[in-house]
Amino acid sequence: MPVKGLIGAAERTSWLLVAPLVAILAFFLLLPIATIVMVSFWNYNEFTYFPDFVLDNYAYLLTSKVTLATYLKTLKFMVLTWVFCTAIGFTVAYFLAFHVRTLGMQIALFLVCTIPFWTSNIIRMISWIPFLGRNGLANSALINLGIIDQPLDWLLFSDFAVVLAFVHLYVLFMVVPVFNTMMRIDKSLIEAARDAGASGLQVLTNVIIPLSKPGIMIGSIFIVTLVMGDFITVRFMSGGQSASVGRVISNEIALLQYPAAAASAVVLLATVLLMIAVMLRFVDVRKEL
Amino acid sequence: MEPRPRSFWFLAAFFALFVAFLYGPIVTIGILSFQGPQGGLTFPMNGVSLHWFADLFERQAVGDIWGAFRRSLALGLMVMVVTVVLSVMGGLAFRRRFLGSGALFYLIVASLIIPSILVSLGVGLIFNILGWTVHWASSGFGAQLTWTLPFGLLIMFAVFNRFNKAYEEAARDLGASAWQTVRFIVLPIIGPSLIGVALFGFTLSYDEFARTLLAAGSYNTLPLEIFGMTTNVTSPVLYALGTLTTLFSFVIIGSCIVLAVVLRRRRAKLGSDAGKGMV
Numbered sequence: 001m002p003v004k005g006l007i008g009a010a011e012r013t014s015w016l017l018v019a020p021l022v023a024i025l026a027f028f029l030l031l032p033i034a035t036i037v038m039v040s041f042w043n044y045n046e047f048t049y050f051p052d053f054v055l056d057n058y059a060y061l062l063t064s065k066v067t068l069a070t071y072l073k074t075l076k077f078m079v080l081t082w083v084f085c086t087a088i089g090f091t092v093a094y095f096l097a098f099h100v101r102t103l104g105m106q107i108a109l110f111l112v113c114t115i116p117f118w119t120s121n122i123i124r125m126i127s128w129i130p131f132l133g134r135n136g137l138a139n140s141a142l143i144n145l146g147i148i149d150q151p152l153d154w155l156l157f158s159d160f161a162v163v164l165a166f167v168h169l170y171v172l173f174m175v176v177p178v179f180n181t182m183m184r185i186d187k188s189l190i191e192a193a194r195d196a197g198a199s200g201l202q203v204l205t206n207v208i209i210p211l212s213k214p215g216i217m218i219g220s221i222f223i224v225t226l227v228m229g230d231f232i233t234v235r236f237m238s239g240g241q242s243a244s245v246g247r248v249i250s251n252e253i254a255l256l257q258y259p260a261a262a263a264s265a266v267v268l269l270a271t272v273l274l275m276i277a278v279m280l281r282f283v284d285v286r287k288e289l
Numbered sequence: 290m291e292p293r294p295r296s297f298w299f300l301a302a303f304f305a306l307f308v309a310f311l312y313g314p315i316v317t318i319g320i321l322s323f324q325g326p327q328g329g330l331t332f333p334m335n336g337v338s339l340h341w342f343a344d345l346f347e348r349q350a351v352g353d354i355w356g357a358f359r360r361s362l363a364l365g366l367m368v369m370v371v372t373v374v375l376s377v378m379g380g381l382a383f384r385r386r387f388l389g390s391g392a393l394f395y396l397i398v399a400s401l402i403i404p405s406i407l408v409s410l411g412v413g414l415i416f417n418i419l420g421w422t423v424h425w426a427s428s429g430f431g432a433q434l435t436w437t438l439p440f441g442l443l444i445m446f447a448v449f450n451r452f453n454k455a456y457e458e459a460a461r462d463l464g465a466s467a468w469q470t471v472r473f474i475v476l477p478i479i480g481p482s483l484i485g486v487a488l489f490g491f492t493l494s495y496d497e498f499a500r501t502l503l504a505a506g507s508y509n510t511l512p513l514e515i516f517g518m519t520t521n522v523t524s525p526v527l528y529a530l531g532t533l534t535t536l537f538s539f540v541i542i543g544s545c546i547v548l549a550v551v552l553r554r555r556r557a558k559l560g561s562d563a564g565k566g567m568v
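Line order of the protein sequences matches chains X and W.
So for the first sequence, the numbering used here puts the first residue at 1; every next one is plus one.
So for the second sequence, the numbering used here puts the first residue at 290; every next one is plus one.
Bound conformation, chain X alone (with noise of 0.2 Å):
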């Protein structure tokens, strides 16, 4: 049976080359995994934790209210970050797919907007410090513009500076995959709707928005599952005054609480899957490369 032969060869140098990848994804992400679910269950004193099987970890966090509470201001956090990444993405990646006319000029202006990408997230967040502070360029236009007297104290280190934070960095999610849904839409199609006698703002509603879903959801749970697990925006933009999920799991690694950190890990990971997996109904990734 020769063909069956070959298809056999072809199967062994798939799997010889796709075996390096599966062995790191192996070892530094399926383990990491397993082992937080075990050392979830594990038990701990102040100085160290040790091999059990305890059910504390997850019954102090399911009752404790200061996580409801720290899920709800994570869940408004990830809210607000969407709603204004979707609006800012969406409209520019519009603006590059369809009001820009040659493709050089999209290439050059999409590079414009995904060049911080490639720079640091803490440079990032720490170059907001002149604009915002009490001091800062934002306070000082406002003051001379004589619409405050004093100079806001909310702007850095609030809740405010956390969600203009994420926009900030994690806005590139939501444009780069929206422009490149949006780029294989058939112009034809949008043609077809002007003859047919649609206005602008029905070509955008009837046909644009429809056809750029995949891409709306792709950046969605990009943007979800970032500022989930977030905890380092949340705690310098904030000063350290608002709480995270994420926060709460690197406080609980500095104690040492390691059984505990790996039982927060746990619930965030599964809220965070439930979500992607409600978003995974609209979308086929395969199909999005």
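Accuracy of the hints is not assured; some may be wrong.
Covered stretches of chain X, as calculated for chain W (at least 3 residues, CB under 8 Å) [what the hints assert, rightly or not]:
#1 26-33
#2 86-98
#3 128-141
#4 250-259
Hints in this document: simulated from the structure, not taken from any laboratory.
All C-beta atoms in this analysis are idealised placements derived from N, C-alpha and C, irrespective of residue type, glycine included.
We have chain X already, so just place chain W on it with the hints.
Below, chain W alone, put in the same frame as chain X:
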């Protein structure tokens, strides 16, 4: 060409504001890093000087940033090489379905969207339980790969989705072996995209924070060092460092873009000899 609709100008203004929003803050700290020696973290400028840049070169002032920079550079290059090689191999493998390809695809996507703190915590725990010492070049390296590999692979999948298999078939018809086809046909064609993968591999590693945090051990990478500074350094030296490392990133990104453009031009010039032959 039809005239621009009014919506164009509105959207163009929106886009300009968006670009200002993206770049404004970084330009501001670029300017403020030239503060005079007495200057603070905000405007006004208290004179203009290179004082804070000079501070960066004095060991005592800011800790071990040059060591951190060297480590980040080495780690970035390691991650870049592995990301490029494994992404090409994965891209080649995924051109046909194989047993487990669907599951592996979802594993790759999962690697991208899993909250970073889980990778950091999990890798830290494994090393801790096994009694191994976490180090940027072992645990840190692996943790970063879980972030860079999905980007590289997704780019390669997109590249191979648009790849014209006729070239390979032609090579095979002319008697090329499988390896020769890859080496002389496939790799030259996908070459420019590899620059993109390399750029992702290097810059994402160079700036990575969350996944490296608990996996880097006692020697910090540059982003970890910078984050440590934010809690105890309150002078424009932080801005000077931010400006330098952002400039460094810009140089890397710029070189990659230029290289990609040059390669594309050269290919456009040399790529086809149709109509130039003797007959």
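Verification of the hints:
1. 26-33: holds (count 7)
2. 86-98: Our answer is that it holds, as 6 residues pass the Cβ test (under 8 Å) against chain W, meeting three.
3. 128-141: holds (count 9)
4. 250-259: Contact hint for the stretch 250-259 of chain X vs chain W: holds, 3 residues under 8 Å.
When held up to the earlier numbered hints, the structure conflicts with none and fits them all.
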